[in-house]
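Protein sequence lines, in the order shown, are assigned to chains A and B.
The numbering of the first sequence is my numbering, which starts it at 1 and goes up by one.
The numbering of the second sequence is my numbering, which starts it at 500 and goes up by one.
Some hints could be false.
Claimed, not checked - Quick look at which bits of chain B chain A covers, simulated, 3 or more residues with Cβ under 8 Å: (1) 513-521; (2) 529-535; (3) 543-550; (4) 555-562; (5) 567-573.
Please keep in mind that the hints were generated in silico from the structure rather than gathered at the bench.
Backbone N, C-alpha and C fix where the C-beta goes; we use that ideal spot for every residue, glycine too.
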Amino acid sequence: MNSSVSPVAITLFFVVIAATLAITYFAAKRSHTASDLYAAGGRIKPWQNGWAIAGDLLSAATFLGGIGMFFYAGYDSLLYAFPAMVGSIIMLGFIAGPMRRLGKFTFADAAAARLSPVPIRIIAALSALAVTFMYLIAQMLGAGGLIQILFGIPYTIAVVIVGVLMVIYVAFGGMLATTWVQFTKAILLVAGAAVLSFLALAETSFSLNELYARTAAAHEMGLALMQPGGLGLTTLESISLSLAIGLGIPGMPHILMRFFTVSNPVAARRSIVISMAVVGVTFFFVYMVLGPAGALFVTDNPAAMTENGTVQGGNNMVALHMARILGGEALFGIIAAVAFATILAVVAGLTVAAASALSHDLFANVFARGKISERQETLVFRGSCLLVGLIGIGLGIAFEGQNILFLTGLLYSIAASACFPVLVMSMFWRRLTTIGAVTGGSVGLAMSVGLIVIGPSVWVQVLGNAEPIIPLSQPAIISLPAAFISMIVVSLLTQERRS
Amino acid sequence: MTSERPDVQPIDVRGTVFTIAAFLVAAAYQGLWYLAPDFLALPLWPGAALSVALVLAILAFAVPIFVAWLMARYDHHDETETYETSGH
Numbered sequence: 001m002n003s004s005v006s007p008v009a010i011t012l013f014f015v016v017i018a019a020t021l022a023i024t025y026f027a028a029k030r031s032h033t034a035s036d037l038y039a040a041g042g043r044i045k046p047w048q049n050g051w052a053i054a055g056d057l058l059s060a061a062t063f064l065g066g067i068g069m070f071f072y073a074g075y076d077s078l079l080y081a082f083p084a085m086v087g088s089i090i091m092l093g094f095i096a097g098p099m100r101r102l103g104k105f106t107f108a109d110a111a112a113a114r115l116s117p118v119p120i121r122i123i124a125a126l127s128a129l130a131v132t133f134m135y136l137i138a139q140m141l142g143a144g145g146l147i148q149i150l151f152g153i154p155y156t157i158a159v160v161i162v163g164v165l166m167v168i169y170v171a172f173g174g175m176l177a178t179t180w181v182q183f184t185k186a187i188l189l190v191a192g193a194a195v196l197s198f199l200a201l202a203e204t205s206f207s208l209n210e211l212y213a214r215t216a217a218a219h220e221m222g223l224a225l226m227q228p229g230g231l232g233l234t235t236l237e238s239i240s241l242s243l244a245i246g247l248g249i250p251g252m253p254h255i256l257m258r259f260f261t262v263s264n265p266v267a268a269r270r271s272i273v274i275s276m277a278v279v280g281v282t283f284f285f286v287y288m289v290l291g292p293a294g295a296l297f298v299t300d301n302p303a304a305m306t307e308n309g310t311v312q313g314g315n316n317m318v319a320l321h322m323a324r325i326l327g328g329e330a331l332f333g334i335i336a337a338v339a340f341a342t343i344l345a346v347v348a349g350l351t352v353a354a355a356s357a358l359s360h361d362l363f364a365n366v367f368a369r370g371k372i373s374e375r376q377e378t379l380v381f382r383g384s385c386l387l388v389g390l391i392g393i394g395l396g397i398a399f400e401g402q403n404i405l406f407l408t409g410l411l412y413s414i415a416a417s418a419c420f421p422v423l424v425m426s427m428f429w430r431r432l433t434t435i436g437a438v439t440g441g442s443v444g445l446a447m448s449v450g451l452i453v454i455g456p457s458v459w460v461q462v463l464g465n466a467e468p469i470i471p472l473s474q475p476a477i478i479s480l481p482a483a484f485i486s487m488i489v490v491s492l493l494t495q496e497r498r499s
Numbered sequence: 500m501t502s503e504r505p506d507v508q509p510i511d512v513r514g515t516v517f518t519i520a521a522f523l524v525a526a527a528y529q530g531l532w533y534l535a536p537d538f539l540a541l542p543l544w545p546g547a548a549l550s551v552a553l554v555l556a557i558l559a560f561a562v563p564i565f566v567a568w569l570m571a572r573y574d575h576h577d578e579t580e581t582y583e584t585s586g587h
């Protein structure tokens, strides 16, 4: 990317910040109670919530990372997309209605409804924190890279800027501000992807066939770019990744919290259908049009590539290079602003989820055993937001340089192995015991995190070792069954303690 | 852990059938990636750059939306519904 700073991009960058702060100001005036902060008082409409859920699913990892991954892995990048649609179906069929019926603030409320609440809340909160912080890393990486390119300021300072903004949004505006920001950003993202797709197709006579043919001619992988195999995953890793995303989405704490922002279970289910329509259309733009278009217009373009043949700013910036190539500085500025808004909205949602786990689950219901006033809980929530922001900034700096979509795959493994089993078994399996749920959740969390640490993504790429202890980059295929099996076995062995 | 706690949620049989069907179709689609890559690479017409893989990818995005609509189209909110009694 050119080192010159785009005036349009800078202007729109500040417009995004000003608009989101204005949203936060108005939301803050309506957010006084714990219910307001955690769940927007249950006043969100299904269609608004649907767009907001879509916004949660369409993160920077999808937009920037998806187009960037298609650039080098082609069709295999869909492995990060279509399981999300199956995961949404699972949420619709099993999770959304029952979750809303419990009518509380966090997914731990649902998990703890039938069981002894304190141990369940502890394991659920720890799982939620692990997932949200992993996701925060991915978002911080995208934000740091984007602001670095836009302003030429150091990555570290860029991450700090995002961290400060997300704390302000959530601490003052709570879930209402988060939802409005997410809703607005989702509309902007879909519109931006549609405009970029239109311009890309206009360059190829509005013919997908011509787009694909020209991409194959330009890219070193040729037509293989549009076929499976680009990621080089083994069959086992591929299945594991799909399981992680498909069963991880119904276990994502920041998405599950959205079911509490609507008035009833039917509204929660309708939200899912709307979100799936929005996400499906956006996936088509990102993976079927913009992915190949990025490979066509960015490959060998001196304005976008370095002298040694890599993309300036990294593969995650392919979408921005393409915007500048197709629409000049104006479109570059718009798409950059949309991407930035995407990051801010998602980190705000993650901050709500993490802060809620700390303040509602751990402090109010475990430490204080429910003996806490509403005013105290709102204060603890706001303090938790600050803590989450500081930790998020630290992790964002520590993990600089990782591919953000790959990190997303890892966090889905944790969500699928640690959160999903506890939630679904506690709602649907009568013989589940507290100790069984805690065991299963602990096994899922420990195994998913442990296998990630000793696997290629951390043991080799982060810690610098030559070989991984376990050569499996996606652990869900081991950790997910382990969580379910341990939960079932321990529950069956402790039936006398159920009554 | 006491009898005063709510019972398990009722299983939505229709939703379960649709969910399992969607899961199996997705598994079959992904299975083709490894079992029949040549089939995915087939051009849609002679000389075309577009392949069967593109059509299946579009279906992978579109079919779940249709299934979700089927699952939720008869939903109606019952004001008397509670955690214990509801069954959508």
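Enumerated hints in conflict with the structure, sorted upward: none
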